[in-house]
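Number of protein chains: 2
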Amino acid sequence: MNIVGIAAEFNPFHQGHAQLFKRVRAQGAQGIVVVMSGCFTQRGEPACMPPSVRRRAALQAGADLLIELPLPWAMASADTFAAGAVALLKGLGCVQHMVFGSESGNMAQLEACLQALQAVDGSQALANALAEGKSFPRARMEAVKMLFPTLDVAPLSRSNDTLALSYLRACAQQKVQFTPVAVRRDLSFLSGAEIRQKLEKNPADAWPHVPPEAATLYQQAVSVGAAPFCFSLAERAVLAQLRCLSSKTLPALPDVSEGIENRLVTAAKSAQSLQELYFAVKTKRYPLARVRRLVWHAFLHSTKEDRAILPPYLRVTGIGRQGAKILQLAGRTHSLPLLTRHSACKELDVVAKRIFHLEEKATDVYHTFLPRVQPAGLAQKVEILRF
Amino acid sequence: MNIVGIAAEFNPFHQGHAQLFKRVRAQGAQGIVVVMSGCFTQRGEPACMPPSVRRRAALQAGADLLIELPLPWAMASADTFAAGAVALLKGLGCVQHMVFGSESGNMAQLEACLQALQAVDGSQALANALAEGKSFPRARMEAVKMLFPTLDVAPLSRSNDTLALSYLRACAQQKVQFTPVAVRRDLSFLSGAEIRQKLEKNPADAWPHVPPEAATLYQQAVSVGAAPFCFSLAERAVLAQLRCLSSKTLPALPDVSEGIENRLVTAAKSAQSLQELYFAVKTKRYPLARVRRLVWHAFLHSTKEDRAILPPYLRVTGIGRQGAKILQLAGRTHSLPLLTRHSACKELDVVAKRIFHLEEKATDVYHTFLPRVQPAGLAQKVEILRF
Chain A
773 MNIVGIAAEF
783 NPFHQGHAQL
793 FKRVRAQGAQ
803 GIVVVMSGCF
813 TQRGEPACMP
823 PSVRRRAALQ
833 AGADLLIELP
843 LPWAMASADT
853 FAAGAVALLK
863 GLGCVQHMVF
873 GSESGNMAQL
883 EACLQALQAV
893 DGSQALANAL
903 AEGKSFPRAR
913 MEAVKMLFPT
923 LDVAPLSRSN
933 DTLALSYLRA
943 CAQQKVQFTP
953 VAVRRDLSFL
963 SGAEIRQKLE
973 KNPADAWPHV
983 PPEAATLYQQ
993 AVSVGAAPFC
1003 FSLAERAVLA
1013 QLRCLSSKTL
1023 PALPDVSEGI
1033 ENRLVTAAKS
1043 AQSLQELYFA
1053 VKTKRYPLAR
1063 VRRLVWHAFL
1073 HSTKEDRAIL
1083 PPYLRVTGIG
1093 RQGAKILQLA
1103 GRTHSLPLLT
1113 RHSACKELDV
1123 VAKRIFHLEE
1133 KATDVYHTFL
1143 PRVQPAGLAQ
1153 KVEILRF
Chain B
773 MNIVGIAAEF
783 NPFHQGHAQL
793 FKRVRAQGAQ
803 GIVVVMSGCF
813 TQRGEPACMP
823 PSVRRRAALQ
833 AGADLLIELP
843 LPWAMASADT
853 FAAGAVALLK
863 GLGCVQHMVF
873 GSESGNMAQL
883 EACLQALQAV
893 DGSQALANAL
903 AEGKSFPRAR
913 MEAVKMLFPT
923 LDVAPLSRSN
933 DTLALSYLRA
943 CAQQKVQFTP
953 VAVRRDLSFL
963 SGAEIRQKLE
973 KNPADAWPHV
983 PPEAATLYQQ
993 AVSVGAAPFC
1003 FSLAERAVLA
1013 QLRCLSSKTL
1023 PALPDVSEGI
1033 ENRLVTAAKS
1043 AQSLQELYFA
1053 VKTKRYPLAR
1063 VRRLVWHAFL
1073 HSTKEDRAIL
1083 PPYLRVTGIG
1093 RQGAKILQLA
1103 GRTHSLPLLT
1113 RHSACKELDV
1123 VAKRIFHLEE
1133 KATDVYHTFL
1143 PRVQPAGLAQ
1153 KVEILRF
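Taken in sequence, the protein lines are chains A and B.
Read left to right, the first sequence gives residues 773 to 1159 (the working numbering).
Read left to right, the second sequence gives residues 773 to 1159 (the working numbering).
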């Protein structure tokens, strides 16, 4: 069985995602496994719709098996996000290809960039550029340009290519048995960011840009107050909590460096809005997405310890048409605990259990910030979506 | 110098309070010391306006010295509230009378009720009434009626008289050097609760019922978004936090008994609003005010350990006309650390410091729920209001 793995946020699931599914099917995929983020995203913000809605949309559009990417890796830098997703696809043991969108869609070019990056890591050229106060991506690109003057460095400044490079790096580091494949992104569709903007201003403007079945799901969720996520409802809660940060817990936060924790404490005392807080913490070296992630990790009490390892379990959150067949296969190949029922979490080891409960707590908290507060424990109640 | 002590919330400061000031002055008081609650009140809800505004109104109307009643005693049952306030007035060492409003205003009647209550405590009659599932106040009143059939028990069912009895009990227990005096409440004025209702619906309707100077202060605070407190802005924060309650911390909450902590955890998972949460936790024996206090203590992480002792310091938060003179006197008589500057908290012992910082944290959190988020650290910045 030719099974393709994809890492995604589906924030929300849109035409581009549906198109990717169609293309991998057309190229012979018999099963699509998606490692999917829950309530919090890579850019450090809560997802626009709760996971249950986004999962349903993905299953409806043809995903066969959904695996949860736990919070510590879902809300992380590109490298950590990619490492988490790759580890889960590897842990399933029956994936043949990992497919990801990229602006270039050119594997040779991406591979060349990856080699250049590896050569630049720890180089004097990089150290010099960093010493000039440049951000890490900027410093790295300049070092690459200096050491490899003829290389096309365009992928280094494009967001999907950057993530593609992270996937390639993770696949190499983890010595996966599957083949990574970059697919050129179809830019004729609106991106997730563009759709979220429409959703925020006037949801009706967003519906034409998602598959009709997904639009129906989204409209339904909005009509009962289960979507979208409301920044304004969460803002005071985050500000209040951050004012209680103890200096003892700060160094335990993920991604803390350069004394950013002190900036966070100071800003939390004076900021009168969450945006103001983000911008008060941001520095040239510590970009906005990283600040947002830091703030939400602090709010959710997640720590760097939570991601000291790679994701330690495979939690199935959705089973589509070929899902049962893939699970049957994975039953013989998986190298991580495979959870298909909520109660199975009891058998996890201490570390895995902590991550499992962190994910649940984050989910419960997220659901208080929807237009109508949604009951907690949805993760337990909904169990697995079956299509 | 004839100094009168008063315990109050000033939630908000109104005509009845101004009238009480006038009456104690007319009876010869040369100084008025007020032990005043901060951001959270006895009925288990955040105050309608921040302490700085309420303090200013009280000083303007003639209070000479304001002392802070810290959170553990401010948001507590009548007995604990009274014990905290009495301890602070006693700690000052120069108060001659403690004055409090009551429906009866009849000291002889109150004293008789108090003696009956003491006789009833631990009696079989009380145990029997409680065993029938009656609330504590109801069971107590029935036991008093049974044991003292000729006593007028009306004070036991009236809110100000009940608090008056708590003051009398605390004065007796703490062997204070001042004389407790019950003053009959003037019922021609609107109560705090009635004014808060107007404030919530349409602030302009509230202004005629407070002294004109106070009305000006309140209007000013409202116009810059520093008042009133917004339940709707705090609701999601409280719900989110309560979903994260760990079963380990629950028994440490103040006033937890009868397995109420388990009801709280269950309700926090399903409640879709704070009101719904309150009513889901409430029982016949565990009334609403107690539930509200429990919820906010849980939200603020305050514990029963915080009120294991009586208030351990006198924090001056406002100095009126005779304030300096009273402080001079108290300099020779005080038996608790007397803080007139924020920095003096450094000299407190470990327990006192913990309570001091809890109060500050609660204040910072409260200020995120005003119409416009107010900067934290106001307690430090404003230091002491001087009139």
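Mixed in with the good hints there might be a few duds.
Copies of one chain are not kept apart here, so a pair can be met inside one copy or by any two copies together.
What the hints assert, rightly or not - Taking lysine-lysine and the DSS-like style, the derived pairs with C-alpha atoms no more than 30 Å apart in a straight line are: (1) Lys917 x Lys906; (2) Lys1125 x Lys1020; (3) Lys1097 x Lys1125; (4) Lys1041 x Lys1125; (5) Lys1076 x Lys1041; (6) Lys1133 x Lys917; (7) Lys970 x Lys1076; (8) Lys1076 x Lys973; (9) Lys1097 x Lys1020; (10) Lys1133 x Lys1020; (11) Lys1076 x Lys1133; (12) Lys1054 x Lys1020; (13) Lys1118 x Lys1041; (14) Lys1097 x Lys970; (15) Lys1054 x Lys1133; (16) Lys970 x Lys794; (17) Lys1020 x Lys1041; (18) Lys1076 x Lys1054; (19) Lys1041 x Lys1133; (20) Lys1020 x Lys1076; (21) Lys1020 x Lys970; (22) Lys1020 x Lys794; (23) Lys1097 x Lys1054; (24) Lys906 x Lys794; (25) Lys1125 x Lys973; (26) Lys947 x Lys1076.
I should point out that these hints are in silico values taken from the structure, not numbers from a laboratory.
These numbers come from a predicted model, not from an experiment.
Structure-based check of all given hints:
{"no.": "1", "hint": "Lys917 x Lys906", "in the structure": "within (15 Å within a copy, 80 Å between copies)"}
{"no.": "2", "hint": "Lys1125 x Lys1020", "in the structure": "both (24 Å within a copy, 17 Å between copies)"}
{"no.": "3", "hint": "Lys1097 x Lys1125", "in the structure": "within (27 Å within a copy, 62 Å between copies)"}
{"no.": "4", "hint": "Lys1041 x Lys1125", "in the structure": "between (34 Å within a copy, 20 Å between copies)"}
{"no.": "5", "hint": "Lys1076 x Lys1041", "in the structure": "both (24 Å within a copy, 27 Å between copies)"}
{"no.": "6", "hint": "Lys1133 x Lys917", "in the structure": "neither (45 Å within a copy, 50 Å between copies)"}
{"no.": "7", "hint": "Lys970 x Lys1076", "in the structure": "neither (34 Å within a copy, 49 Å between copies)"}
{"no.": "8", "hint": "Lys1076 x Lys973", "in the structure": "neither (35 Å within a copy, 47 Å between copies)"}
{"no.": "9", "hint": "Lys1097 x Lys1020", "in the structure": "neither (48 Å within a copy, 42 Å between copies)"}
{"no.": "10", "hint": "Lys1133 x Lys1020", "in the structure": "both (22 Å within a copy, 16 Å between copies)"}
{"no.": "11", "hint": "Lys1076 x Lys1133", "in the structure": "both (17 Å within a copy, 25 Å between copies)"}
{"no.": "12", "hint": "Lys1054 x Lys1020", "in the structure": "within (22 Å within a copy, 36 Å between copies)"}
{"no.": "13", "hint": "Lys1118 x Lys1041", "in the structure": "between (40 Å within a copy, 20 Å between copies)"}
{"no.": "14", "hint": "Lys1097 x Lys970", "in the structure": "neither (38 Å within a copy, 64 Å between copies)"}
{"no.": "15", "hint": "Lys1054 x Lys1133", "in the structure": "both (27 Å within a copy, 25 Å between copies)"}
{"no.": "16", "hint": "Lys970 x Lys794", "in the structure": "within (25 Å within a copy, 60 Å between copies)"}
{"no.": "17", "hint": "Lys1020 x Lys1041", "in the structure": "both (17 Å within a copy, 29 Å between copies)"}
{"no.": "18", "hint": "Lys1076 x Lys1054", "in the structure": "within (20 Å within a copy, 39 Å between copies)"}
{"no.": "19", "hint": "Lys1041 x Lys1133", "in the structure": "both (25 Å within a copy, 11 Å between copies)"}
{"no.": "20", "hint": "Lys1020 x Lys1076", "in the structure": "both (14 Å within a copy, 23 Å between copies)"}
{"no.": "21", "hint": "Lys1020 x Lys970", "in the structure": "neither (41 Å within a copy, 44 Å between copies)"}
{"no.": "22", "hint": "Lys1020 x Lys794", "in the structure": "neither (50 Å within a copy, 50 Å between copies)"}
{"no.": "23", "hint": "Lys1097 x Lys1054", "in the structure": "neither (47 Å within a copy, 50 Å between copies)"}
{"no.": "24", "hint": "Lys906 x Lys794", "in the structure": "neither (41 Å within a copy, 67 Å between copies)"}
{"no.": "25", "hint": "Lys1125 x Lys973", "in the structure": "neither (39 Å within a copy, 48 Å between copies)"}
{"no.": "26", "hint": "Lys947 x Lys1076", "in the structure": "within (24 Å within a copy, 54 Å between copies)"}
Against the hints set out earlier in the document, violations occur for numbers 6, 7, 8, 9, 14, 21, 22, 23, 24 and 25.
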